[in-house]
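Number of protein chains: 2
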Amino acid sequence: MLEKVDITQKIKKAEYAGMITELEFKLANLQRQAKDMKIPVIIVFEGWDAAGKGTMINRLLLALDPRGFKVHPTNPPAEDERLRPFLWRFMVRTPEKGIIAIFDRSWYGRVLVERVDKLVKKEVWSKAYDEIKSFERQLVDDGNVIIKFFMHISQKEQKKRFKKLESNSSTAWKVDKNDWKNYKHYNKFLKATEEMLAKTDTDFAPWTIVESHDWRFANVKVFNAVINTLENKINEVKKKGAKKAPTRRKTVGHKGITSILDKVDLSVDLAREEYDGVLKKYQNRMRDLEHEVYKKRLSVIMVYEGWDAAGKGGNIKRFLKMMDPRGYEVIPIAAPNDIEKAHHYLWRFWKAIPKAGHIAIFDRSWYGRLVVERVEGFCTEEEWKRAYREINEMEEQFVNFGTVLIKFWLQVDKAEQLKRFKERQQNPHKQWKITDEDWRNRKKWNQYKTAVDEMLLRTSTSYAPWTIIESNSKLYARIKVLKTVIKEIEKKL
Amino acid sequence: MLEKVDITQKIKKAEYAGMITELEFKLANLQRQAKDMKIPVIIVFEGWDAAGKGTMINRLLLALDPRGFKVHPTNPPAEDERLRPFLWRFMVRTPEKGIIAIFDRSWYGRVLVERVDKLVKKEVWSKAYDEIKSFERQLVDDGNVIIKFFMHISQKEQKKRFKKLESNSSTAWKVDKNDWKNYKHYNKFLKATEEMLAKTDTDFAPWTIVESHDWRFANVKVFNAVINTLENKINEVKKKGAKKAPTRRKTVGHKGITSILDKVDLSVDLAREEYDGVLKKYQNRMRDLEHEVYKKRLSVIMVYEGWDAAGKGGNIKRFLKMMDPRGYEVIPIAAPNDIEKAHHYLWRFWKAIPKAGHIAIFDRSWYGRLVVERVEGFCTEEEWKRAYREINEMEEQFVNFGTVLIKFWLQVDKAEQLKRFKERQQNPHKQWKITDEDWRNRKKWNQYKTAVDEMLLRTSTSYAPWTIIESNSKLYARIKVLKTVIKEIEKKL
Chain A
6 MLEKVDITQK
16 IKKAEYAGMI
26 TELEFKLANL
36 QRQAKDMKIP
46 VIIVFEGWDA
56 AGKGTMINRL
66 LLALDPRGFK
76 VHPTNPPAED
86 ERLRPFLWRF
96 MVRTPEKGII
106 AIFDRSWYGR
116 VLVERVDKLV
126 KKEVWSKAYD
136 EIKSFERQLV
146 DDGNVIIKFF
156 MHISQKEQKK
166 RFKKLESNSS
176 TAWKVDKNDW
186 KNYKHYNKFL
196 KATEEMLAKT
206 DTDFAPWTIV
216 ESHDWRFANV
226 KVFNAVINTL
236 ENKINEVKKK
246 GAKKAPTRRK
256 TVGHKGITSI
266 LDKVDLSVDL
276 AREEYDGVLK
286 KYQNRMRDLE
296 HEVYKKRLSV
306 IMVYEGWDAA
316 GKGGNIKRFL
326 KMMDPRGYEV
336 IPIAAPNDIE
346 KAHHYLWRFW
356 KAIPKAGHIA
366 IFDRSWYGRL
376 VVERVEGFCT
386 EEEWKRAYRE
396 INEMEEQFVN
406 FGTVLIKFWL
416 QVDKAEQLKR
426 FKERQQNPHK
436 QWKITDEDWR
446 NRKKWNQYKT
456 AVDEMLLRTS
466 TSYAPWTIIE
476 SNSKLYARIK
486 VLKTVIKEIE
496 KKL
Chain B
6 MLEKVDITQK
16 IKKAEYAGMI
26 TELEFKLANL
36 QRQAKDMKIP
46 VIIVFEGWDA
56 AGKGTMINRL
66 LLALDPRGFK
76 VHPTNPPAED
86 ERLRPFLWRF
96 MVRTPEKGII
106 AIFDRSWYGR
116 VLVERVDKLV
126 KKEVWSKAYD
136 EIKSFERQLV
146 DDGNVIIKFF
156 MHISQKEQKK
166 RFKKLESNSS
176 TAWKVDKNDW
186 KNYKHYNKFL
196 KATEEMLAKT
206 DTDFAPWTIV
216 ESHDWRFANV
226 KVFNAVINTL
236 ENKINEVKKK
246 GAKKAPTRRK
256 TVGHKGITSI
266 LDKVDLSVDL
276 AREEYDGVLK
286 KYQNRMRDLE
296 HEVYKKRLSV
306 IMVYEGWDAA
316 GKGGNIKRFL
326 KMMDPRGYEV
336 IPIAAPNDIE
346 KAHHYLWRFW
356 KAIPKAGHIA
366 IFDRSWYGRL
376 VVERVEGFCT
386 EEEWKRAYRE
396 INEMEEQFVN
406 FGTVLIKFWL
416 QVDKAEQLKR
426 FKERQQNPHK
436 QWKITDEDWR
446 NRKKWNQYKT
456 AVDEMLLRTS
466 TSYAPWTIIE
476 SNSKLYARIK
486 VLKTVIKEIE
496 KKL
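Chains as they are written, first to last, in this note's numbering: chain A, 6 to 498; chain B, 6 to 498.
The set of hints was computed from the structure by calculation and includes no laboratory data. Treat the hints loosely; a few may be bogus.
Since the list can't tell identical chains apart, any single copy or any two copies may satisfy a pair.
Claimed, not checked - Think about it this way: if two alpha-carbon atoms lie no more than 27 Å apart in a straight line, the pair counts; the simulated DSS-like pairs of lysine-lysine are:
id : residue 1 : residue 2
1  : Lys346    : Lys43
2  : Lys268    : Lys244
3  : Lys286    : Lys179
4  : Lys438    : Lys40
5  : Lys196    : Lys161
6  : Lys438    : Lys31
7  : Lys300    : Lys182
8  : Lys127    : Lys17
9  : Lys326    : Lys168
10 : Lys193    : Lys165
Use the sequences and the hints to build the structure in full.
Have a look at this one:
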């Protein structure tokens, strides 16, 4: 593939001067439009060492309004990045709506340098193709534009450029032993690059190969590609805007699903003496396991979902009773803030996942989209329908990384909820826990139930199944959570 | 000081049971009030290894609503933290309004372990006392509550606890060689601790020494201290709220200041040929210096301030023309977002400063508070008056860290501004640059001038002086900026 590219194409100096000013004006103008239309843009530069990525990016920047972009140089992952799934550091750097994020090298490092240098095993990097594709597709589905460049030069040209850098005292440091080693392995990198281009050249995020022997030619090609992609996207958004906005249909009764919730046996119970007899034992075991998790750098993510007043808070407290706060983090999820709303809706959850060696407890989670956001119409039907797949993909990436992922649905019945709401109203220490919203949500019990049933069905995967916690008995529920987590962590250790 | 503390004080089990539940309810209730009143709270735990910090924090957490706190364990600084001023990693973790941030060890590490283990020189850690005091004072001035605990046990007790940890297989790893080394140097740490307590026990952020041999006693003491401090603060805020809200007085004519701006000679100019002759030379020199900055891990911060249409954008572009985007970052400053507004107003600038080895270019900056926010009444008079000192302190910390800090005021006169506004309106590529707001601000020229003059006078310090850039001639201005930066970096190298 790459050998068929004519990398020696040129543009003459005189011709270039006439073109570039116009291209710069066009680009600046499109950037302002994209900003106003809140289109997030991701530009990726991959390519050979010394192909001119830095210089190219600088040229692009000089044409742009600095209030509208951010450059992300990609270095080998730092420790806190290695302790999270490999796409984490890129996901958290995806741009806000209206902003251009420029990546100087990117997530493709995993299938290039990390592959060729054998920094990760084949079973790891070969999985990365799918992970990358779903990462990019999710962003594009959410309105992002992704423009990917591979800057191509020949091995001979690379040698010439290395020599030139070495001959200048202030740039000599840029060429090190490692660069020369990579130079010798040009053909290995070529093979990896061709596989990468073939496997990740999608209709939603295509590659543009940039013939980079002549910087003027390369420059014009990059400017044109960015301009064309932005123009297309802007026209597409304008057309859509001219049509009717998507209806925020409230919940949809989903027929034909056997209710999982209906089958839960809520009569299970645990006597106080029995509870007192085992609680401390399990809590102590959890504290020991927390230390093991830290020593082995295991990544543990727990998700608590459930009906209002199902007992999430009390359950979490008992779970944490004997633990060391340096080893866990409770991540309470409320409505998203401004910045979070300006990103893909999974962004804030990616941001929150802790380093391996720690236990994260999500008190509510990304499942909000499939339940409250669906029922209350806080997202479009298209958005929550897309979310089943997006969530499954995200969780698969966590599990691929080695995370123990445990998801609890705390189930109570409608009568039990009513009893607890009333208790809360009467107890001065608990009154703050009950709000008008709780009563409003209760009226929509059946709509919520439909959404929850569909969620449980469609996001219970082999790698991340749901565990239903029968919670009419709080004591039973607390012990079941402890036992489940202990079992899952022990299995992994 | 510490030897006079009776660390053996106890509370009996039966007595404790009766007290703690009530304390927990009180604390939970105060937390909710503080949250509603948007009071940010910082709780610091320092103390001997094995004094029980982790367990104590966990007990505190279990009484709190998890939506309202965040725990920050303090480890030795990671690489990207060492490449910034030492308070950086704490400043960026200060809590949002209404949130409690709990620090398990803290910024005091600099005058304890870093001092005793000689990880930093005396001239560095001895400066830290003042830096810490201004850090804490700034936060308290901004409405934060700071509660600092030192958990105290004897050397003998520490030994007993280490032995106990070692005897359990799942906690043995918690005691390592280093801990035993520190144990041997108990007296050195004691001396450092006493100095720290004496030097940083201020009325705005006092220390509470917690006698920690008996965990029940310690627990009650910590709960009581947090409860009392929160109660006092809540009452104080309520009282203030009952009084009239502070008036957002618009600008105040400041008499008696000799205008610095009036003395600027705006007739200086540079001929096009002369400009063309030197521009490239300086740009190339800057590119080489950028590499030196990276190699030497120098930290460089440039600030651009100036009148609307003074030519900041064009100046920055010429400055960056030949540079490598991996070595610099332009940080454009606009109005703060929700999250930024919920922190100390310097927080977002601290967050933005890059790692040493990089050049940060602030396109507008923290000086907004002293100019636009003052003139337009976006902050209270008390806030902008406080900001002179706050800014000087922040800049001193940057310089203490080794940062080259260069501040430019781009000066044009009123006639030149008018000419440029009109040009912008007539040029289709530049129309977007001129808004109604620019015209409105222009009408307040004199008010702005008063504010700028006072800013230049009061924030031109020996360690961070302002450089006025005469900008009626754009060519002259661009060359002066390049020359100034080159000179300052060369001086430092």
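Evaluated hints:
For a Cα distance limit of 27 Å, the shortest separation of Lys346 from Lys43 qualifies both inside one copy, at 12 Å, and across copies, at 22 Å. Taking the shortest Cα distances, Lys268 and Lys244 never come within 27 Å of each other, neither inside one copy (47 Å) nor across copies (56 Å). Proximity of Lys286 to Lys179 under the C-alpha cut-off of 27 Å is restricted to the inter-copy arrangement: shortest distance 21 Å between copies versus 58 Å within a copy. Only between protomers do Lys438 and Lys40 lie at most 27 Å apart by alpha-carbon distance; the minimum there is 14 Å, versus 41 Å within a single protomer.
In this homomeric assembly, Lys196 and Lys161 come within 27 Å of each other (Cα to Cα) only inside a single copy, at 17 Å, whereas the closest approach across copies is 65 Å. Taking the shortest Cα distances, Lys438 and Lys31 sit within 27 Å of each other only across copies (16 Å), while inside one copy they are farther apart (55 Å). Taking identical chains as interchangeable, the C-alpha atoms of Lys300 and Lys182 lie at most 27 Å apart only when they sit on different chains, with a minimum of 17 Å there against 35 Å within one chain. Proximity of Lys127 and Lys17 under a CA criterion of 27 Å is satisfied in neither setting, with 45 Å inside one chain copy and 61 Å between copies.
Proximity of Lys326 to Lys168 under the C-alpha cut-off of 27 Å is restricted to the inter-copy arrangement: shortest distance 24 Å between copies versus 63 Å within a copy. Only within a single protomer do Lys193 and Lys165 lie at most 27 Å apart by alpha-carbon distance; the minimum there is 20 Å, versus 59 Å between protomers.
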